[in-house]
Amino acid sequence: MALPQAYTSSRITTMSPLFTSRASLPLVSTRMSSFCVTQWSLTTHQEKSIFSSTRDTKNRPFSVPMHPRRLLCRPPQGKYVREDYLVKKLSAQEIQELVRGERTVPLIIDFYATWCGPCILMAQELEMLAVEYESNLTIVKVDTDDEYEFARDMQVRGLPTLYFISPDPNKDAIRTEGLIPIQMMRDIVDKQM
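1 is the number of the first residue of the sequence shown in this note's numbering; add one for each residue after it.
No lab work stands behind these hints, which were simulated from the structure alone.
One or more of the hints may lead you astray.
Result set (DSBU-like, lysine-lysine): computed pairs, CA atoms no more than 30 Å apart in a straight line [as the list claims (entries may be wrong)]:
1. 89 to 171
2. 191 to 89
3. 191 to 171
4. 171 to 88
Whole structure, please, built from the sequences with the hints as guidance.
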């Protein structure tokens, strides 16, 4: 793209072949302010974007440095699922065997992610519920990052998602999405299972 003729001057040809900033432009014009994001090469009259994919940042004053990203902290590695927790993390295969098998107590399946804030709060409430109900309720967890296909098949759209499954095969499962209070979980287990 060539510069418009109205904005060219004989002084441009004596300048360096590549303008590096708007301050070095020899022209004073209000319309030249639109060119502050781009640089113009006088030899070819082609526009060169300062946000191009090349890694040459010396000639681009407004460029973003292309340094590799550093993590500020390590991401959580399942720190909310420990050996001594009552709510156990299971795989998709283990969940399917548990649902299809014979049960005498209700089952709660918690679909969570380690990076999800409400999931961490829900994990604390589920632990309290597991302590309260002891052997009268089974609560398990599924990490949606590890079991992505299973979560998709179970139509998990938001986190945390809970499935309340009754031991009676004639009753439908109850699905909740988002953080729910512990009293609501008690009501579902006591009255609808």
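These are the hints, each one checked on the structure:
With a C-alpha separation of about 25 Å, the suggested pairing of residue 89 with residue 171 holds against the 30 Å cut-off. Only pairs whose Cα atoms come within 30 Å are accepted, and residue 191 paired with residue 89 is accepted, the gap being roughly 26 Å. Using a Cα cut-off of 30 Å, the hinted pair residue 191 and residue 171 holds, with the two alpha carbons roughly 12 Å apart. Proposed proximity of residue 171 and residue 88 is supported: the alpha carbons are some 24 Å apart, at most 30 Å.
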